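Protein chains in written order, with numbering that gives the first Met the number 0: chain A, 0 to 345; chain B, 0 to 398; chain C, 0 to 86.
Certain hints may be false.
[Unchecked claim] Label pairs and their in silico Cβ distance ranges:
#	chain 1	residue 1	chain 2	residue 2	range
1	C	Asp-37	B	Asn-68	28 to 38 Å
2	A	Pro-29	C	Asn-28	25 to 35 Å
3	A	Pro-43	B	Asn-216	47 to 57 Å
4	A	Thr-281	B	Ile-61	45 to 55 Å
5	B	Ser-55	A	Glu-279	55 to 65 Å
[Unchecked claim] Calculated from the model, a selection of chain B residues having no Cβ within reach of chain C, i.e. all distances over 10 Å:
#	residue
6	Phe-39
7	Asn-53
8	Ile-86
9	Ala-201
10	Leu-202
11	Arg-203
12	Asn-216
13	Ala-260
14	Phe-311
15	Gln-364
16	Ala-376
[Stated by the list, open to error] Covered stretches of chain B (in silico footprint by chain A; criterion: 3 or more residues with CB under 8 Å from a CB of chain A, positions within the stretch not fixed):
#	region
17	62–70
18	112–119
19	142–151
20	243–253
By construction, these hints were calculated from the structure, which means they are not laboratory data.
Since we're looking at a predicted model, the values are computed, not measured.
For every residue, glycine included, the Cβ atom is placed at its ideal position computed from N, Cα and C.
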Amino acid sequence: MFVKAAKAISPQYTLDDRFLNGEFVDEVSPVYRAIEPDYSPLIPAGLLRRMGKAVRIGIGAGLPLLQEAGKVDGIILGTANGGLEDCVKFLNQIVEYDEGVLTPTNFVQSTPNAVAGQLALMSENTGYNSTHVNGSLSFENSLIDAAMLLEEKQQATILVGAIEEFSQYNYTIDKHAGRFREIPVSNSQLTKRLEPGSICGEGSSMFIVSNDATDAQVEIIDVAQVTSEDEKEVEATLIDFLIRNQVPADEVKTVALGRNGDARTDHFYTAISNRLTSIESTICFKAYCGEYRTAAAFGLYTLFQLSKHPLLDWNGNQLHFIGNYALVYNHFDGIRHGYILVKKLR
Amino acid sequence: MKRKVVVTGMGVISSLGNNLNENHQSLRNALSGIGKADFFESAYVATLPFAEINASDEQLRIKVPNAANPSYTRTTLIALHAVLEAIQDAQLTTEQLQSNRTAFISSSTVGGMCYTDSLYNDANDNGNPSPYVTSYEGSDHTVRIALYFGLTGYTDTINTACSSSANAIMQGMRLIQTGRADRVIVGGADCLAKYTVNGFNALRILSESPCKPFDQNRDGLTLGEAAAYLVLEAEECSIGKRKWAEVSGAGNANDAYHPSATSDDARGPVLAMTRALDNAGLRPDQIAYINAHGTGTENNDRTECVGFQRVFGTPPAFNSTKSYTGHTLGAAGSLEAVFTILSIANQEVYASLNCEHPQAEFAFQPARSHIQVLPIAHAMSNSFGFGGNCTSLIFSACS
Amino acid sequence: MSNESLKLEFKEHLINYLNLLDTTPEQINDDEALFGGDLGLDSIDSVELIVLLDREYGIKIKNPQEGRQILVDVNTIVAYIEANRTK
């Protein structure tokens with residue numbers, strides 16, 4: 000599965016060259032919010048008026064890729080929570096109007112597959128359409144789905160990606176569950192000072208993948224996952240994954256890690272790093288995008304960019320894609336772990 | 000050559016009964032599960048019929064061993080219930096269950112958000128967090144079931160609205176066909192929730208009487224709740240077991256027409272059905288029975304019949320088992336897959352209820368009484384969801 | 000309330016309920032078709048309008064079909080509000 004193009008709406012300036020040039024948003028904030036573009040050239044006002052943020056950022060990153068790619072054979076997206084803001088707005092109506100007369104728009108928009116459905120509608124695409132809502136593994140599931148579709152068809156092009164929106168509601172719920180910090184911290188400090196909890200982020204990362212290697216810089220070799228709180232099992236899954244794909248551990252020299260500054264579960268990242276004995280380049284992508292369930296897609300986005308040109312870290316040093324193989328490793332709550340193995344082609 | 004995928008176990012809980020046999024008996028005897036809800040708490044219980052599972056959360060908690068966890072929602076409880084039955088039916092050993100070659104793909108639309116009032120309070124920071132504060136994710140039940148059984152293999156949760164669990168079955172079939180798994184437990188669970196009841200009511204598509212699929216005077220759907228799971232195995236892993244049916248094909252398409260309505264020309268449903276037929280290597284005339292999506296809304300039933308006309312000319316015997324179970328949303332695809340397989344295994348088609356005046360514009364109508372001794376070599380099951388998501392599955396008798 | 004100020008109030012509700020971005024009350028003509036015209040409203044909007052009439056004016060419309068007769072343009076709706084409002 001070859002990655003032909005990528006686009007991200009994120010808390011960084013990823014829609015123009017500023018992110019690539021090292022111009023970062025680095026603010027002390029309880030939430031790293033996505034920087035949204037002016038949608039008016041892309042989305043008719045009549046449609047935009049109904050869209051929640053999840054749908055908006057999904058269309059904003061996905062539709063330009065669909066327009067550039069021409070006809071695609073499938074749209075496959077991952078999102079843990081979809082349009083949660085619309086969902087709770089509708090919920091609030093239910094309670095506040097005591098199940099009386101309610102407006103349906105929030106309900107329709109809150110369906111997690113509203114993004115993939117709307118992308119199909121706007122690009123008039125009647126191809127395969129799927130939405131994975133498997134929590135923090137939703138993007139990894141979407142990649143497997145895409146890989147199977149490419150195997151089944153001789154020649155195919157697919158839009159695959161992930162979306163997560165911030166809403167005050169899910170922030171409140173996740174804060175109750177102890178996932179976010181009491182004291183805000185800036186992007187550049189997030190992974191440096193370990194404390195319980197992380198900082199909430201959001202974003203949408205979209206990719207055009209194909210079984211045609213022409214002009215592609217990056218190939219996704221395989222994807223693995225495990226549901227376990229046992230560090231040994233998490234390491235064993237990695238080793239098994241590399242053996243299955245015949246990639247020696249010391250040939251993985253570049254890693255994109257989901258380190259989020261949470262002192263309670265950071266040890267998984269250390270364990271995985273120690274298992275890959277020859278790491279020369281590490282990118283901690285959540286410092287840019289914050290913690291959200293499908294952030295692994297942004298991890299892949301950083302590797303995609305890194306395969307083309309170096310990125311700068313927070314100290315102004317250059318990060319490179321070193322060696323032929325790279326790994327995106329991410330976990331959420333230390334329970335669900337995802338692994339994406341990537342190869343640089345040229 | 001694709002690996003053959005067979006169904007070796009089924010488990011179900013719905014308004015028709017708490018296990019496979021009870022569901023089968025209700026279908027055979029044309030006994031609908033639609034009526035007044037006893038356990039579901041909503042203002043609409045007084046005015047609308049529902050198809051409710053005949054058990055409270057507390058009763059469900061007792062029925063499932065080791066399910067006392069206070070964070071288990073009704074979605075998780077009914078899912079556990081049906082998964083347990085499916086695993087037992089397929090005689091899976093603990094070793095097989097916990098193998099990393101065994102995958103689990105679930106689906107739900109309401110997921111962990113089935114307790115609307117708890118979610119309201121937790122989301123709006125009213126008072127102390129409820130026991131469900133870590134349970135709201137769509138995949139909550141999937142994670143809890145994976146941990147409950149010690150599953151180590153691939154997990155997934157799909158939400159494509161009303162076609163969710165049909166897509167879970169399709170996904171499971173493809174995992175086995177492409178060699179990524181040897182066994183997959185697939186299905187879906189959705190329970191009655193204020194969220195969905197008020198949502199569909201706001202769209203003005205709930206009927207005040209039990210739904211009347213394919214009737215000229217149909218006026219909306221009836222909501223129900225269910226969980227249904229199937230154990231799929233690669234044929235070479237199923238030696239010596241009873242094979243309920245083969246999963247012989249699946250097709251998915253997007254209608255690309257409207258966020259919450261189907262197209263007049265049924266392009267999405269037609270593509271889903273023809274892709275499933277192509278995938279199974281079958282002609283339309285080889286399908287002996289169709290378990291229709293048949294929600295009982297003006298829009299769906301007309302579109303689906305236009306689709307039948309375009310794919311089949313005159314369709315084979317068809318029914319809507321939503322006239323028994325109501326629309327169980329994310330569970331509908333797998334629940335109706337189970338019913339389709341029961342039809343194949345028992346060579347019978349269940350009466351489609353409440354269709355007194357078939358739609359005038361079509362020359363065909365659903366099976367209005369129980370059809371016995373109908374050899375069914377191949378059967379189709381349709382599921383269409385919001386966001387234009389259309390899926391057709393084809394099951395075949397195992398020789 | 001005068002007919003003109005009711006029209007203005009209704010248009011403000013219309014913009015608010017349907018989230019008509021960048022539209023001002025002055026841009027909506029009293030005899031402009033709400034459905035199938037420049038505003039581009041659809042069936043979901045008709046349900047939203049029914050909710051508007053219920054919450055703001057205490058008018059209950061049972062089904063969207065009935066609504067279609069009333070929800071033609073601002074003139075027809077405002078006339079209906081004046082005749083049937085309960086608050």
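Hint check:
Look at Asp-37/C against Asn-68/B: about 56 Å separates their beta carbons, and that is not inside 28 to 38 Å. For the pair Pro-29/A and Asn-28/C, the supplied restraint of 25 to 35 Å is violated, since their beta-carbon distance comes to about 46 Å. At roughly 37 Å, the beta-carbon separation of Pro-43/A and Asn-216/B lies outside the given 47 to 57 Å, and the hint is violated. Between Thr-281/A and Ile-61/B, the C-beta spacing of about 50 Å keeps the proposed range 45 to 55 Å intact.
At roughly 59 Å, the beta-carbon separation of Ser-55/B and Glu-279/A lies within the given 55 to 65 Å, and the hint holds. Non-interface status of Phe-39/B relative to chain C is upheld: no Cβ of that chain comes within 10 Å, the nearest being about 24 Å off. Against the 10 Å criterion, Asn-53/B stays outside the reach of chain C, whose nearest CB is about 32 Å from its own CB. Remark: the non-interface label on Ile-86/B is consistent with the geometry, its nearest Cβ contact in chain C lying 42 Å away (cut-off 10 Å).
Interface exclusion of Ala-201/B from chain C breaks down, the closest Cβ pair being 7 Å apart, not more than 10 Å. Separation of Leu-202/B from chain C is inadequate, the least Cβ-Cβ distance of about 7 Å not exceeding the 10 Å criterion. Look at Arg-203/B: its CB is around 6 Å from the nearest CB on chain C, not clear of 10 Å, so calling it non-interface is violated. The non-interface label for Asn-216/B is consistent with chain C: the shortest C-beta to C-beta separation is roughly 14 Å, beyond 10 Å.
Under the 10 Å C-beta cut-off, the non-interface status given to Ala-260/B relative to chain C is violated; the minimum distance is some 7 Å. With a cut of 10 Å on Cβ distances, Phe-311/B stays outside the contact zone with chain C, its closest approach being about 29 Å. The beta carbon of Gln-364/B sits about 25 Å from the closest Cβ of chain C, which is more than 10 Å, so the claim that it is off the interface holds. Every CB of chain C lies more than 10 Å from the CB of Ala-376/B, the least distance being 41 Å, so the non-interface label holds.
Look at the region 62–70 of chain B against chain A: 0 of its residues bring a Cβ nearer than 8 Å to a Cβ of that chain, fewer than three, so the hint is violated. Here the region 112–119 of chain B counts 5 residues with a CB under 8 Å from a CB of chain A, which clears the bar of 3, and the coverage holds. Counting residues of the region 142–151 of chain B whose C-beta sits closer than 8 Å to any C-beta of chain A gives 5, which meets the bar of three, so the coverage hint holds. Chain A is given as covering the region 243–253 of chain B, and this holds because 3 residues of the stretch bring a CB closer than 8 Å to a CB of that chain, at least three being needed.
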